[in-house]
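Engineer: Below, each chain spelled out in residue letters.
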Amino acid sequence: MRVAVVGFGQTPFRTKRKDKTHPELAFEAVNAALEHAGLELKDIEAVAYGSMDPFDGIYCPERWDSTACGLEKPIMKISTGGTTGMTTALAAYEHVASGLFDLVMAVCVQRVGECVDAQPVLNTAVDPIYERYSGLGAIHVASFQATAYMAKYNATEEDLAWVSVKDHKNALKNPYAHIKMDVSVDDVLNSRVVCSPLKLLECCPRSDGAAAVIFASEDLARKIRDNPAWVVAETTISDSYYLGDRLSFAEWDSLAIAGRRLFRDAGIENPGKDIDVAELYSPFTIQEILELEALGFAEKGMGKEFAREGVTFMDGDIPTNPSGGVLCTNPIGATGLVRFGEAALQVMGEAENQVDGAEVALSHAWGGTLQFHTLAVLSSKKKLG
Amino acid sequence: MEVKEFEVWWKIPFKHSAGLHATKFFEGLKEGKILGVRCEKCGRVLVPPRAFCERCHTETSEWVEVSDEGVVKTLTVTYMKFTGLPDPPYAVGVVKLDGADTGMLCFLGGIDLSDWRKVHETFKPGTRVKAVWKEEREGKITDIEYFRPLD
Amino acid sequence: MRIGIVGIGFTEFGIHKEPFYNLAFTAAKRALDDAGIERREVDSFILGGYDNLGVGRTISNMYTAPAAGAYLRHEIRVSDDALFALPLAYMRLRHRSDVTMLLAFGHSSETPIELVELQSLDPFFHRPLNLTLPAFFAMQSYAYRSRYDVDDEKLAEVVVRMREKGSKSSLAFLRDKVKVEDVLNSEIVSYPLRKLEMAEWCDGCVALILAEETVAKRIADEIVWLDGVGWSVENYYFDREFHRLPFVTKSAEMAFKMAKKERRDVEALEICDLTVDYHCMILEALGFAEEGGGWDYNGDVNSSGGALCTNAYGSTGVFLLANLAMRIRKGEIDCGLAQSMSGYAQKSCVAILEG
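For the protein sequence lines, the chains are A, B and C, in the order given. Counting from 1, one number per residue, gives the positions in the first sequence under my numbering. Counting from 1001, one number per residue, gives the positions in the second sequence under my numbering. Counting from 2001, one number per residue, gives the positions in the third sequence under my numbering.
Derived pair list, reagent style BS3-like, types lysine-lysine, alpha-carbon separation capped at 27 Å:
{"#": "1", "chain 1": "C", "residue 1": "2250", "chain 2": "A", "residue 2": "73"}
{"#": "2", "chain 1": "A", "residue 1": "16", "chain 2": "B", "residue 2": "1011"}
{"#": "3", "chain 1": "C", "residue 1": "2177", "chain 2": "C", "residue 2": "2154"}
{"#": "4", "chain 1": "B", "residue 1": "1140", "chain 2": "C", "residue 2": "2017"}
{"#": "5", "chain 1": "B", "residue 1": "1004", "chain 2": "A", "residue 2": "16"}
{"#": "6", "chain 1": "B", "residue 1": "1096", "chain 2": "B", "residue 2": "1041"}
{"#": "7", "chain 1": "A", "residue 1": "273", "chain 2": "A", "residue 2": "381"}
FYI, nobody ran anything at the bench for these hints, they're computed from the structure.
Make a model of the complete structure from these sequences and hints.
Structural biologist: Below you can see the structure in the form of structure tokens.
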């Protein structure tokens, strides 16, 4: 069963949405998606809901938020770390792809701003028996990648800074983005070091907000809109738990494996040529570089050149994160769904920062301590090739 | 209208069982030994030890003592204070101990941490390091205070 | 296309001193052995169980996915009682999987679950009132008992019957029989609920190997078919009727419709009786007993002992389902229904199995 995205809605993402409660924020995103699709809540048959509870201080928030998603609809709660938004999208997608439902919504809500500090929460993901004492969080593991990559491939601090310059420039065009400021390479280099070698302007903010994506079966999708975004292929991959078991910090090999599988399913031979735009989950500058290499857009060790050379800018060959990306907006459990929704908008031709003529878009999220990846290819065409 | 905010804490106690494998590892630390397990299928020595090899999906039972010296694979020095986490600056890294096939997360230290570039130079990937043990050991992961550069 | 269960693996259910991922590994291994397949033959892993406060680790599948055998494989976790992950496994199989593992993990012994569940209430209107799970369950018990004038002794007899069944099951956590007086004399937890009228927390994992029909037939001779699944949610706010569980009815209707079955086809039930009152209310909501008459139901229900004997927070629903599947496999029954419930009696999931 072919499945398409027929609606995407998001709230503006801010440091803190003091004006709304948890379900009210869900309601805002749900309504935005319904409006985009020209549907009503009663049309939706089932809901997949994603969030990473502890950032918001509400355990199993789908219980409260189900009030905003249509009472009594079958609802399924997904939590898989940073990939949550995309695995929630895939769960909703499976509802339709299985033939059980025709119209299903993925909803993700996250209020990182409600949590006074996010790093201690991220630290609770780390094994309390062997590793938690170290204070390890997401930023530390990204810094591990940066240290190893810079040593192995002689990448410079400037190389990384260019990724930040590019993302911030893109975010200025996106009214939903959280951090909006024009930054120069010097600004990035002069911002304080958080976890060496990464500096403040190389790290994502903590954002409040919600997103919703509506999936439809083939026949319905065409009736709902002329320009649905077809889900061409999707995959997830799960690696071993311990960081120390994956010693190639300078390469993201689990993503390379997942990418190979995805492109084989999608019929993509040359990602750099066949994919028009990518929304990658890169809350830290270094990660976009590793992702571009793992996914085959860049040769190993060459990803560092891409932002500096303009390849990933809007007018480059591989526009990456036109939305401003995760570096400028990170409502953790909703972030993956924003990537997915933004990728859908690009192939619908409706993105705020539109890549001209985009027909094929890639959406990605990672989670755990570099342990999980989720990927999808969306296209204006039902099938590639 | 000023929106009300309520400060709410999650204060939930946990008692995490380490299980037999990790318990044996912690007993080893008390004696100044670092223990790993060898997967009989792939032959890798896994440190810290665990009850099963994730790659082979088989149980592990063969115990191996590994060295308290090894090689730095990567590191970072933290300069920002995060609630409830160690006071900055502190350096964490992944060290592959001699005799082990996997890396272990640990603190790096024994030098001034104020300039990260110097720290990264001292501990750059490939640097050999040695464990500095606490004098009074309690069978906890922090019995190894940190790893220092091996001269 | 049908989806069948071809492998089942249980750990012991009790209070464990091994971390939950080691138990998960054991269950996964046993399920693979039971199916006679290697983990590499499993293309998708769907996990079910709670997160963060529920097991003391945020992103709990970081631990349980490798334990299941998901190394470099497709894996998604449903964060709920694990029976709610069954629909995702089912849909994945219908869509594109040949063989999927459903891993259910439950671990209650490392933290006070009542305190954990309390955090699911919003921090403004409900949580500050400290309405604990047992207190909420008791409110429903009170509404139920007073509405139908149900005698405490009749309910105690239900507990006695269930504990008797649990005593005969080698998989059950509580295996001591109790007498009516024991139940009635047990401590009041929250009026009118007594300790022995409630499920007791424990630890344990279950793994199932599910396969698409043609693949399933290559793997096993005795296949238990998953004919239908249904799931639904009740209003979070308390503007609901406390003496009945309409969302349970709704989840069952969805499952029956998908399975093209009727109540009379079902020979045995496994239901998530977190309290003795829920035992009755669920039977009533499923249409197997008259409203107010659940205590008098003399059909084949909870031969496993039910949640009243085994309740590992996170895996209970799949524990019940797996017990039902084992009976179908042994040929004791042809068709059965398993049900689970989570939250402040807010969500229900139903599965219909057939030999």
